[in-house]
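**Q** Here the protein sequences line up with chains Z, Y, R and C, keeping their order.
Numbering (our numbering) for the first sequence: 1 to 132.
Numbering (our numbering) for the second sequence: 1 to 132.
Numbering (our numbering) for the third sequence: 1 to 132.
Numbering (our numbering) for the fourth sequence: 1 to 132.
Keep in mind the hints are simulated off the structure, nothing from the lab.
This one's a predicted model, so the numbers in the text were calculated from it and none came from an experiment.
Copies of the same chain look alike in the list, so a pair counts if it works inside one copy or between any two.
Simulated pairs of lysine-lysine, DSS-like, Cα-Cα distance not exceeding 27 Å: (1) Lys45 / Lys8; (2) Lys95 / Lys45; (3) Lys40 / Lys80; (4) Lys45 / Lys4.
Number of protein chains: 4
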Amino acid sequence: MEYKTEIKVRGYHADFYGHVNNARYLEFFEEDRWAHLESKIDLRKWAGMGLTFLVVNINVNYRRAVPVGETLVVTTRLEKIGNRSVVLKQEILSKESGETAADALITFVITDRSGRAVTMEGEMLAEIEKLR
Amino acid sequence: MEYKTEIKVRGYHADFYGHVNNARYLEFFEEDRWAHLESKIDLRKWAGMGLTFLVVNINVNYRRAVPVGETLVVTTRLEKIGNRSVVLKQEILSKESGETAADALITFVITDRSGRAVTMEGEMLAEIEKLR
Amino acid sequence: MEYKTEIKVRGYHADFYGHVNNARYLEFFEEDRWAHLESKIDLRKWAGMGLTFLVVNINVNYRRAVPVGETLVVTTRLEKIGNRSVVLKQEILSKESGETAADALITFVITDRSGRAVTMEGEMLAEIEKLR
Amino acid sequence: MEYKTEIKVRGYHADFYGHVNNARYLEFFEEDRWAHLESKIDLRKWAGMGLTFLVVNINVNYRRAVPVGETLVVTTRLEKIGNRSVVLKQEILSKESGETAADALITFVITDRSGRAVTMEGEMLAEIEKLR
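Please put together the full structure from these sequences, using the hints given.
**A** Written as C-alpha cells, this is what we have:
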C-alpha cells in the first residue's frame with residue numbers, strides 16, 4: 001500500500017503566534033505513523049493477538065516556524081530496533097523547499113495482553129523489520 | 001458538589017486570527033457540561049445501568065471574538081425536557097465584563113444498552129430535573 | 001482547482017467512547033470549508049481588501065457514530081445567501097456506505113476593516129455565488 | 001501569584017485506547033508552562049521589548065496510562081540555564097497517588113525582534129532565574 005501524508009497548513013492549525021502549535025505537530029506525526037504502520041503491517045492481526053503499540057518517549061525538535069498556507073509532507077522510517085523497544089524517525093518537511101520544519105524520534109514498545117513489553121525476536125522482529 | 005469552569009485564554013487556544021477557534025469552544029462547553037452533569041447526577045450508577053449520554057445536535061452562536069489573556073466562565077443549565085431528548089443551554093462569558101462570547105443549545109438523548117433513546121419519565125425524568 | 005477531503009478515522013480522532021469527538025468533527029468541517037473556499041475564490045485578494053470570513057453560527061447534527069478505521073468524505077455547498085450573511089451546508093459521509101455521519105449548517109458573515117458585516121451585493125455577491 | 005494546574009481527565013481528553021492522547025499531554029504541559037511563566041515574569045513587558053519564547057525541543061516520557069476520571073496535577077520548574085537556551089522540567093502526576101503519568105524536558109530560547117536567540121546574561125538571566 002502506497003500512501004503519502006500531505007497537510008496544507010490552515011488557520012486552525014496555527015496558534016496566536018501564527019505558527020503551527022507544538023501539540024498539533026504531534027498529531028501530524030501520529031497521522032503519518034499510523035499510515036506507515038498500516039502500509040507495512042497487518043494491524044488487525046496484531047490486535048487479534050492482543051498486541052498494542054505504546055509510545056513511551058517522543059523527542060521532537062522544532063526547527064522552523066511554518067506559516068499558514070504552506071504544504072507539509074510527513075515521513076516515517078525505522079531508526080533502531082532495541083531489545084524491547086523500537087525507534088522511528090519522523091520528519092515534517094516543507095513540500096516546496098524541502099526544508100525541515102520539525103523532526104522527532106519516537107520510541108515505542110509492543111505490549112501483550114498482560115501489559116508487558118514483548119522482546120523483539122522471531123516473527124515479531126521480522127514484522128518490525130518491514131518498517132524500514 | 002460545587003464547581004466552576006474558568007478558563008484563561010492562552011495562545012494555544014487561539015488560531016491564526018487571534019481568536020479562540022470554533023472547535024476549541026466546543027471543548028470549553030464539553031468541560032462544563034461534564035462538570036455540571038457529575039455535580040448533579042451519579043454518572044457511575046448510570047454507566048452501570050448501561051445508560052449513555054449522546055449529543056445529537058449542537059447549535060452554537062459565536063457572538064464576540066475573545067482575545068488571548070482574557071478569562072472565560074462557562075455555564076450550563078437545563079433548557080427543556082422533551083419526550084426522548086433534553087436540551088441544555090450553555091454560555092461562555094467574559095469574567096471581567098460579563099459579555100457573552102458564545103452560547104449554545106446542546107440536545108442529547110440517553111441511550112440504553114440496545115442503543116435506543118430512552119423516554120424521559122419516572123426515575124429518569126427525576127434525575128434529569130436535577131440538571132436545572 | 002479540484003479537491004476532495006477524505007479522512008481516515010484514527011484512534012487519536014476518537015474519544016473514550018470510541019466515537020469521533022464532537023469538537024473534532026468541527027475540524028473536519030473546517031478543513032473542507034477552507035478547501036472549498038480557496039478552490040472557488042481568490043482568498044489572497046480578499047485578505048488584501050481587508051475582508052474576513054467570520055463564522056457566527058454552527059448548527060450540527062450528529063447522526064451516526066463513526067468507528068475507528070472508517071474513511072470519511074466531507075462536502076460543502078452553498079445553501080443560502082442572505083442580506084449580510086451566507087449559509088453553507090456541510091456533510092460528513094461514510095466513503096463506503098454513503099451514510100451521513102454528521103451534517104451542519106454554517107452561517108458566516110464577511111467583515112470589512114471596520115469589523116462590520118458587508119452587504120451581499122454587486123461583486124461580492126458574484127463571488128459568493130461561485131460557492132454553489 | 002500562586003497558581004495550580006489541576007485537570008480532571010474527561011472522555012474527550014482520552015483517545016480510542018482510553019488513554020490521554022500524546023498530543024493532549026503537550027497541551028497540559030503548555031497550560032502549566034504559561035501559568036508558571038506569568039506567575040514569575042512580566043510577560044507583557046517582555047512582549048513590549050519584542051522578546052518571544054520559542055520552544056525548540058520537547059522530550060517527553062509517557063510513563064503511565066491515565067484513566068478517565070482521574071485528576072492530574074502539572075508542575076514546572078527550572079532545570080538548567082544554558083548559554084542561549086533554558087530547560088524546564090515538567091511533570092504530570094496523579095493527584096491521588098502522586099505517581100508520575102508523564103514528564104518532559106522543554107528547551108526554549110528567547111528571540112528578539114530580529115528572530116535571533118538572546119544570550120542569558122545580565123537582566124535577562126536575572127529574570128530567568130525567577131523560574132526556579
